[in-house]
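*Asks:* From first to last, the protein sequence lines are chains P and S. Using my numbering, read the first sequence as starting at 1 and increasing by one per residue. Using my numbering, read the second sequence as starting at 1001 and increasing by one per residue.
One or more hints might be untrue.
Stated by the list, open to error - Have a look at the derived ranges for each label pair, beta carbon to beta carbon: (1) S/1256 with P/198: 53 to 63 Å; (2) S/1014 with P/149: 49 to 59 Å; (3) P/143 with S/1011: 47 to 57 Å; (4) S/1143 with P/282: 52 to 62 Å; (5) S/1256 with P/60: 32 to 42 Å; (6) S/1027 with P/61: 58 to 68 Å; (7) S/1177 with P/60: 57 to 67 Å; (8) S/1265 with P/191: 50 to 60 Å; (9) S/1004 with P/191: 49 to 59 Å; (10) P/153 with S/1171: 31 to 41 Å; (11) P/28 with S/1315: 55 to 65 Å; (12) P/153 with S/1111: 37 to 47 Å; (13) S/1157 with P/61: 23 to 33 Å.
To be verified - Result set (DSSO-like, lysine-lysine): computed pairs, CA atoms no more than 30 Å apart in a straight line: (14) S/1041 with S/1098; (15) P/122 with P/91; (16) P/297 with P/202; (17) P/91 with S/1245; (18) P/297 with P/122; (19) S/1245 with P/125; (20) P/122 with S/1070; (21) P/138 with S/1098; (22) P/35 with P/125.
As the list claims (entries may be wrong) - Which residues of chain P face chain S? A few of them, derived with a C-beta cut under 8 Å, are: (23) 14; (24) 29; (25) 55; (26) 57; (27) 102; (28) 119; (29) 157; (30) 167; (31) 327.
The set of hints was computed from the structure by calculation and includes no laboratory data. No residue lacks a Cβ here, since even glycine has one placed at the ideal position from N, Cα and C.
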Amino acid sequence: MSAFLEVRDLTVSFPTEDGVVHAVEQVSFDLQRGKTLAVVGESGSGKSVTSSAIMGLVNRRAASVMGQVLLDGQDLLAMDDDQVRQLRGSKMAMIFQDPMSSLHPFYRIGAQLAEAVRVHNKVSKDQARARAVEMLAKVGIPDAQSRADDYPHQLSGGMRQRVMIAMALINDPDLLIADEPTTALDVTVQAQILELIVSLQKEFNTAVLIITHDLGIVADVADDVAVMYGGRVVEYASVDDIYNHPQMPYTLGLLASVPRIDKDLSDRLDPIPGNPPSPISLPPGCVFAPRCAYTDKVPGEECAVARPELLQVQPGHLVRCHMDHRTRVSVASSVLAQIRTGVR
Amino acid sequence: MAPYIVRRVAMMVLMLFLLTLVVFVLFSLLPTDPARLTCGKGCSPAIIAANRHMLGLDQPVIEQYWNFVKGLFVGRTYAADSPQPIQCHAPCLGYSFKRHDQVTNLILQALPTTIFLAIGAFVIWLVFGITLGVYAALRRGTWRDRTVMGISLVGYSLPSFFIGLLAIFFVIIRWHILPFPNYVSPLTDPISFLQTMILPWIVLAILYAAFYMRLTRNQMLEVLGEDYIRTARAKGLPERIVIRKHALRAGLTPIVTAAGLDLAGLLGGAIIIEAIFSLPGLGNLAVSSVTDADLPLIVGITIVAAVFIIVANLIVDLLYAVIDPRVRLT
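Chain S extracted, bound-state conformation (with noise of 0.2 Å):
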């Protein structure tokens, strides 16, 4: 196994270099200027020239991403030659002259809220989805099958700002359940905190719960007319611990796949359910920066959120392993 995580590994930063390549040669490709948005209406010339100078996009491409890379590893420094060089530290993705501060800091800023929302929406849509569809399955074809299979096709139809509205007028406008959303980190004010992140979660799991619903459901109902189970259930287990211990374990091989997945891409933003609430995570900060044209930003965000893919990815292939012992990584 060991052998089989160095090359993984190798792999895996093969990929990374390869991803920071090709998001910045695409960036540096689009059509705007990012030294002439550094400075509003009536930017004189001599001004871009010096940004663009500063910047170093003066320089070829090979070189800026050489410079970009360096940055990553040893940090690097903007401006070197004026009078008020900036220091980016590594790991340097980049500095951000729209926001006056290092692309590292504004995505580290913004990373824990958009954990804590796809944690929290995680475990909500895991524990429903999985229960739910276990449910389904073992009362396939009568109304309660139905009735959990018909909730799940109305979750998975409404797209999640529809919902997300929903949530915030009756919820918070109408009914006054729970106060407007206003982030604030648990460890300042924990209550604040739950009442505004609690909608979103919700409204976040509906989704993908809806997703797991019927992939447990399809999952088990596959599992539940395998040989093994029959052997479990011709042993006299009770038929709980042949369900729990016995069809569960199998089936979850692809509910694992697919949860990993998701969650890496929730942790790369939620962009509309952030939107919606207002909350300050890497979803808001990447609108936020495509509308600003903040190419330093969006080039680190990309590449943020493509690095949770590709850990994610392999940290599942390795559970792969762990769960089916059949899968021998070599």
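One chain only, chain P, in its complex shape (with noise of 0.2 Å):
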């Protein structure tokens, strides 16, 4: 059966004054409806530019997006902008990282939905104000038919993500990208905001695909994830493989990396030495080796000299590494539970 969402190849890059930045290379995953794909990675990994050259945002004059983005079987990039623009909005959607900015703050938050709603339906503006305000409602917004009269500025964080969430799901997408949704707000307000996305989606049998650094999310929300490091995906799998059997050195690290409540408050958290790489100039070999603590363990000098293919190790669990399986097997079982007991 092929997927709602199918991400063949995407290739992002933008010709710049200092060389050619390579966003995303070589991208490419699968989401059902009512399923939801996490893309994780650092700052700078490409997540947020896949998600932009899938809406079709990524400004085609200055950046060469290549591969197939098929949204139920049609592809996205084959199209013209304006067949892409008409699928925004209305057969897929998305919602931002900063709720604090991505309103509009001149306009009243009731007139912005109603616009969403008037761009894709022939309805007239009472109708479309009546949706906006339902809408509002559904995403628990109190007082909606009020509240719809204020500006942006008049509410809360939490509150304005949740009028970008009204917003985006006001033409009922069939996907909606969240990227990283939760990011600015407070911890106790994450937690609301993706109980409403989860419940949304299974009441709209959405397929989500949620970009985020924090994997305590993809622990709650995600059923397949996407690891991401310099523009390519490192691995893929499903969230309990992810969680239980991950065998990538940079999937290892990260989760090596999330402070546990359950640990020694004495003990430091394990960062990854070393910053991401630029996309301008990309290792030559494997983009995680020169911060990757495995590299011994493959023979010669394979890690700096050759670009590891994306590999199935399991069906529905791919692996970009150039250690052989068994290996890979025994770094993550004594890194896992090197995280577990908390010992390193």
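Since each chain comes alone in its own frame, lean on the hints to assemble the complex.
*Replies:* Okay, here's the thing in structure tokens:
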């Protein structure tokens, strides 16, 4: 069965004065209706560019976008701008990281929602407004009828993100892309917003692509996880496999760097040493090699000279690493054991 | 909002009061003797003394200022003890003995020309400045953008007297497209009014349009990078609505501020343009009042020009709140 959203070999690069920025390289994944795929990675790993490219929000005059993005079988990258525009906000919608700056400061929220209705449906202003109020109530805005006349700056951050969710879901999209939807919010509000997304997803059977660097969120909401590094997917697996049978050293590093409440407070966090690579000058071999602690487990200089392929190690579990399977599993189990016992 | 307006208007009145005081004191400190200037060579000390008395210049400065302020509100009479007293009706900005007329009248006669000039140029420069600025921003980095910015740089660097003289030389003298400028009121002869005004409008607008192109382009580039523009696109809005309704609206605020103040500045007289095209406006009046050392007229024009700026400031601040709901006028 072909998936609702199929991304095949998506490659995005921006020519700049300093050289070509390879933001996303050969990214592929599938997403079914009603399912959630989490794309995880550090800043600059290409996860936001991936989502913008799917939405057709990457300016194709300024960037080269290649590969295929099949939404319900239609290739979005082969369409012209206006065809993609008509799908944006109706069939696929997006919510963004910072609800403070993502709403237009000069327009009332009700009007901003109604605008989203009217651009895709031939309805009267009153009907659009009624729909906006209905949707605001649905995402838990109290007294939606009168709050619809508020300006964004009159709402709290959590309320604004609810408004963004209402705006994204107002035309019943089949695909919702949430780009770090809770990063800018208080922890207590984060949980509410995630709950809201999950419950609306259940109600509308929406496919959700959630972009995050927060592994806690991943565990809560995702079915599958794509771990991105240096513009590439380095590990792709079910959420269960990512937490219990991770194989790629970068994924291990991410898991080890999550603060744990059951760990002794005197323990330091274990960050991954070094910084993400510059997308202008990526390392010639494995993009993670300069930060990887296990390159000595691969014979020769392979990690430094050859790009590893993304290979299937089990059905539904893909890994991009030069280590052989057995070595990966043993490295992973020792790291997991250290994380669990808190001993390093 | 109402208390804010009341407070601002009160502040404005206070400012105007201080303004008249400063202008008045400054001009009374000038070494020129206005009484000496009232008659030509070989005018006897007796006549000068008489004129000084008639002008009220024999009184202390404080008293002179008091008479001036009183004149603004209730009018005043010059040479009340002479057989031919001169009435100056409120709002009396003074009496020009050089021109034998009330300053207020002189200014009111010149003002319409200046207003027509300023508003015509204002419309032209806003239309071209904003349109081309948006156009350049949308085509950032292309040859079209560079062309527009190049034109803007040229327009900005060429002094208006140079463009003005070029325009007169080619359009009027060489190619005979337009007759020589001869200002008439639009009510008397609209055609020849337009024929006279079209060049001054364009020449004046070029300088400002160049500035507004850059301002608009920079504003648009900044706003187009904002998250809410991405949201508007993610909603599926057509690009022209994203630009017009979302980006331009948000980028407009500094443009409104600049436009309000620039227009007010021009209402005080566009000296160079008025001189080149011999338009009988405030700018020309100001120049000739300075060359004649017609102090009462200079004071009057200075105050009127400053009033325009102060009022425009208030209007711009109020408009700010209309455009941007986050601005609270308290």
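*Asks:* Give a verdict on every hint.
*Replies:* Cross-check of the supplied hints:
1. Taking the beta carbon of each, residue 1256 of chain S and residue 198 of chain P are about 45 Å apart, not inside 53 to 63 Å as hinted.
2. The given range of 49 to 59 Å is broken by residue 1014 of chain S and residue 149 of chain P, whose C-beta atoms sit roughly 37 Å from each other.
3. Separation of residue 143 of chain P from residue 1011 of chain S is about 39 Å and departs from the stated range, judged on CB atoms against 47 to 57 Å.
4. For residue 1143 of chain S and residue 282 of chain P, the hinted distance range of 52 to 62 Å is not satisfied, since their beta carbons lie about 32 Å from each other.
5. For the hinted restraint 32 to 42 Å between residue 1256 of chain S and residue 60 of chain P, the CB-CB distance of approximately 34 Å keeps it satisfied.
6. A C-beta distance of roughly 60 Å is found between residue 1027 of chain S and residue 61 of chain P, which places it inside the suggested range of 58 to 68 Å.
7. Roughly 46 Å separates the CB atoms of residue 1177 of chain S and residue 60 of chain P, a value that falls outside the hinted 57 to 67 Å.
8. The given range of 50 to 60 Å is respected by residue 1265 of chain S and residue 191 of chain P, whose C-beta atoms sit roughly 56 Å from each other.
9. Against the hinted window of 49 to 59 Å, the Cβ-Cβ separation of residue 1004 of chain S and residue 191 of chain P comes to about 41 Å, which falls outside the hint.
10. The beta-carbon spacing between residue 153 of chain P and residue 1171 of chain S, approximately 51 Å, falls outside the hinted interval of 31 to 41 Å.
11. As the Cβ distance of residue 28 of chain P to residue 1315 of chain S is approximately 58 Å, the hint placing it in 55 to 65 Å holds.
12. At about 42 Å, the CB distance of residue 153 of chain P to residue 1111 of chain S agrees with the hint of 37 to 47 Å.
13. Remark: the range hint 23 to 33 Å for residue 1157 of chain S to residue 61 of chain P is upheld by a beta-carbon distance near 31 Å.
14. For a cut-off of 30 Å, the pair hint linking residue 1041 of chain S to residue 1098 of chain S stands: about 14 Å separates their Cα positions.
15. Restraint check for residue 122 of chain P and residue 91 of chain P: the C-alpha separation of about 16 Å stays at or below 30 Å, so the hint holds.
16. Restraint check for residue 297 of chain P and residue 202 of chain P: not satisfied, since their Cα atoms lie roughly 44 Å apart, outside the 30 Å limit.
17. Note on residue 91 of chain P and residue 1245 of chain S: the hinted pairing holds, with a Cα-Cα distance of about 23 Å set against a maximum of 30 Å.
18. Restraint check for residue 297 of chain P and residue 122 of chain P: the C-alpha separation of about 62 Å exceeds 30 Å, so the hint is violated.
19. With a C-alpha separation of about 17 Å, the suggested pairing of residue 1245 of chain S with residue 125 of chain P holds against the 30 Å cut-off.
20. Distance hint between residue 122 of chain P and residue 1070 of chain S is unfulfilled; the C-alpha atoms sit about 65 Å from each other, more than 30 Å.
21. A hinted pair counts as satisfied when its Cα atoms are at most 30 Å apart, and residue 138 of chain P with residue 1098 of chain S does not qualify at roughly 78 Å.
22. Taken as a hint, the residue 35 of chain P and residue 125 of chain P pair is broken in the structure, with Cα atoms around 34 Å apart against an allowance of 30 Å.
23. At about 13 Å, the closest approach between the beta carbon of residue 14 of chain P and any beta carbon in chain S exceeds 8 Å, and the interface hint on this residue is violated.
24. Restraint check, residue 29 of chain P versus chain S: the minimum CB separation of about 20 Å is more than 8 Å; hint violated.
25. The criterion of a C-beta within 8 Å of any C-beta in chain S is met by residue 55 of chain P, whose closest approach is roughly 6 Å, and the hint holds.
26. Nearest Cβ of chain S to the Cβ of residue 57 of chain P: about 6 Å, under the 8 Å cut. The hint holds.
27. Interface restraint check: residue 102 of chain P against chain S, minimum CB-CB distance 4 Å, threshold 8 Å, status holds.
28. Interface restraint check for residue 119 of chain P: the shortest CB-CB distance to chain S comes to about 5 Å, inside 8 Å, so the restraint holds.
29. The beta carbon of residue 157 of chain P is not positioned within 8 Å of any beta carbon in chain S (closest approach about 13 Å), and the interface hint is therefore violated.
30. Taken as an interface hint, residue 167 of chain P checks out: its beta carbon lies about 7 Å from the nearest beta carbon of chain S, inside 8 Å.
31. The beta carbon of residue 327 of chain P comes no nearer than 43 Å to any beta carbon in chain S, farther than 8 Å, and the hint placing it at the interface is violated.
Against the hints set out earlier in the document, violations occur for numbers 1, 2, 3, 4, 7, 9, 10, 16, 18, 20, 21, 22, 23, 24, 29 and 31.
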